[in-house]
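Going line by line, the protein sequences match chains A and B.
All the letters of the first sequence, read from the start, carry residue numbers 1 to 112 under our numbering.
All the letters of the second sequence, read from the start, carry residue numbers 1 to 117 under our numbering.
Hint data in this document are derived by calculation from the structure and do not stem from the laboratory.
Careful: at least some of the hints might be erroneous.
[Said to hold, decoys possible] List of simulated lysine to any residue pairs, SDA-like, C-alpha gap at most 25 Å:
id : chain 1 : residue 1 : chain 2 : residue 2
1  : B       : Lys96     : A       : Gly58
2  : A       : Lys55     : B       : Thr101
3  : B       : Lys96     : A       : Gly96
4  : A       : Lys57     : B       : Thr27
5  : A       : Lys70     : A       : Pro105
6  : B       : Lys104    : A       : Ser67
7  : B       : Lys96     : B       : Ser76
8  : B       : Lys104    : B       : Tyr54
9  : A       : Lys3      : B       : Arg43
10 : A       : Lys3      : A       : Ser87
11 : A       : Lys55     : B       : Lys104
12 : B       : Lys70     : A       : Lys71
13 : A       : Lys57     : B       : Tyr25
14 : A       : Lys71     : B       : Ser103
15 : A       : Lys55     : B       : Tyr33
16 : B       : Lys73     : B       : Gln57
17 : A       : Lys55     : B       : Tyr32
18 : A       : Lys53     : B       : Arg98
19 : A       : Lys55     : B       : Lys96
20 : B       : Lys104    : A       : Leu45
21 : B       : Lys104    : A       : Asp38
22 : B       : Lys73     : A       : Leu41
23 : A       : Lys70     : B       : Lys73
24 : B       : Lys70     : B       : Gly85
25 : A       : Lys3      : B       : Asn62
26 : A       : Lys13     : A       : Ser82
27 : B       : Lys96     : A       : Gly40
28 : B       : Lys55     : A       : Lys71
[Unchecked claim] Here are the computed distance ranges between Cβ atoms for each label pair:
id : chain 1 : residue 1 : chain 2 : residue 2 : range
29 : B       : Pro9      : A       : Asn84     : 16 to 26 Å
30 : B       : Phe64     : A       : Lys53     : 34 to 44 Å
31 : B       : Thr99     : A       : Ile60     : 21 to 31 Å
32 : A       : Met27     : B       : Lys55     : 19 to 29 Å
33 : A       : Thr86     : B       : Lys70     : 34 to 44 Å
34 : B       : Ala72     : A       : Pro39     : 23 to 33 Å
Heads up, the beta-carbon is just placed ideally off N, CA and C, and yes, glycines get one too.
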Amino acid sequence: DVKVTQSSRYLVKRTGEKVFLECVQDMDHENMFWYRQDPGLGLRLIYFSYDVKMKEKGDIPEGYSVSREKKERFSLILESASTNQTSMYLCASSSGDYNEQFFGPGTRLTVL
Amino acid sequence: AQTVTQSQPEMSVQEAETVTLSCTYDTSENNYYLFWYKQPPSRQMILVIRQEAYKQQNATENRFSVNFQKAAKSFSLKISDSQLGDTAMYFCAFMKRRTGTASKLTFGTGTRLQVTL
Chain A
1 DVKVTQSSRY LVKRTGEKVF LECVQDMDHE NMFWYRQDPG LGLRLIYFSY DVKMKEKGDI
61 PEGYSVSREK KERFSLILES ASTNQTSMYL CASSSGDYNE QFFGPGTRLT VL
Chain B
1 AQTVTQSQPE MSVQEAETVT LSCTYDTSEN NYYLFWYKQP PSRQMILVIR QEAYKQQNAT
61 ENRFSVNFQK AAKSFSLKIS DSQLGDTAMY FCAFMKRRTG TASKLTFGTG TRLQVTL
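The whole structure should be built from the sequences, with the hints applied where relevant.
Here it is in structure tokens:
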């Protein structure tokens with residue numbers, strides 16, 4: 001079974017802090033994704049990566065950056081956290097051009 | 001840009017009954033894929049069913065089936081013999097095939113399904 005893990009289930013940070021969210025997958029998938037999930041808005045794509053060191057902006061990249069130094073790990077970085085970044089963050093991975101995405105359990109981030 | 005619309009924020013169904021969740025999408029593409037994902041309370045999102053747009057036959061997975069109407073851009077999910085474990089948020093998603101990079105999913109806003117005794 002594909003396993004996608006995220007470093008924390010719950011995280012509380014203060015405004016202005018730098019925040020790192022980590023995601024690791026164990027199935028050698030080339031594609032990895034970061035979404036945020038908000039009530040009434042569904043899932044929105046922040047950034048994705050299709051290879052090591054390769055990244056592409058999603059629909060809402062403002063205020064975020066990403067890093068992919070190793071194939072199995074994809075990090076989401078909030079350079080200076082703000083209260084409007086309080087949300088559930090979901091990581092996913094996939095292989096090939098059009099295969100299903102496998103999701104991690106999510107990190108619920110609260111920025112105070 | 002593609003959009004996916006789920007017009008039913010919440011639905012309820014009794015155990016053993018059948019329920020249909022609606023989804024419509026807007027695209028000018030001809031080659032694409034559609035998915036239904038399920039997110040149980042406090043648990044991970046998992047794939048329920050997938051449909052390739054070039055296939056006329058509707059996809060089925062055990063108690064789950066879809067009604068794919070390409071011309072109408074409609075992709076509804078039917079759950080037969082509903083079980084308590086089907087209680088979850090259901091998301092409809094659209095994927096346009098891309099080469100040379102990852103194919104992205106565009107999600108609807110979700111339908112919260114409650115299965116009751």
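Tell me if the straight-line CA distance from Lys13 of chain A to Ser82 of chain A falls inside 25 Å. Distance ~9 Å between Lys13 of chain A and Ser82 of chain A Cα, so the pair holds.
Regarding the pair Lys104 of chain B and Tyr54 of chain B, is the alpha-carbon distance no greater than 25 Å? OK: Lys104 of chain B and Tyr54 of chain B at ~18 Å, within 25 Å.
For the pair we were handed, Lys55 of chain A and Lys104 of chain B, check the Cα-Cα distance against 25 Å. Holds: Lys55 of chain A and Lys104 of chain B sit about 13 Å apart, inside 25 Å.
Would you check the hint for Lys73 of chain B and Gln57 of chain B, treating anything up to 25 Å between C-alpha atoms as holding? holds, 15 Å
Between Met27 of chain A and Lys55 of chain B, does the beta-carbon spacing fit 19 to 29 Å? holds, 26 Å
Under the criterion that the straight-line Cα-Cα distance not exceed 25 Å, is the pair Lys55 of chain A, Lys96 of chain B satisfied? Holds: Lys55 of chain A and Lys96 of chain B sit about 18 Å apart, inside 25 Å.
Hint check: Lys3 of chain A vs Asn62 of chain B, CA-CA at most 25 Å. Holds or violated? Status holds; Cα separation ~24 Å.
Does the structure keep Lys104 of chain B and Asp38 of chain A at a Cα separation of 25 Å or less? holds, 18 Å
Between Thr86 of chain A and Lys70 of chain B, is the Cβ distance one that fits in 34 to 44 Å? Check passed, 39 Å falls within 34 to 44 Å.
Is it true that the CA of Lys71 of chain A sits at most 25 Å from the CA of Ser103 of chain B? holds, 17 Å
Holds or violated: are the alpha carbons of Lys96 of chain B and Gly40 of chain A at most 25 Å from each other? Between Lys96 of chain B and Gly40 of chain A the Cα gap is close to 23 Å, so the pair holds against 25 Å.
For Phe64 of chain B and Lys53 of chain A, compare the CB-CB distance with the range 34 to 44 Å and indicate the outcome. holds, 39 Å
Checked against the numbered hints listed earlier, the structure breaks hints 12, 23, 24 and 28; every other hint is satisfied.
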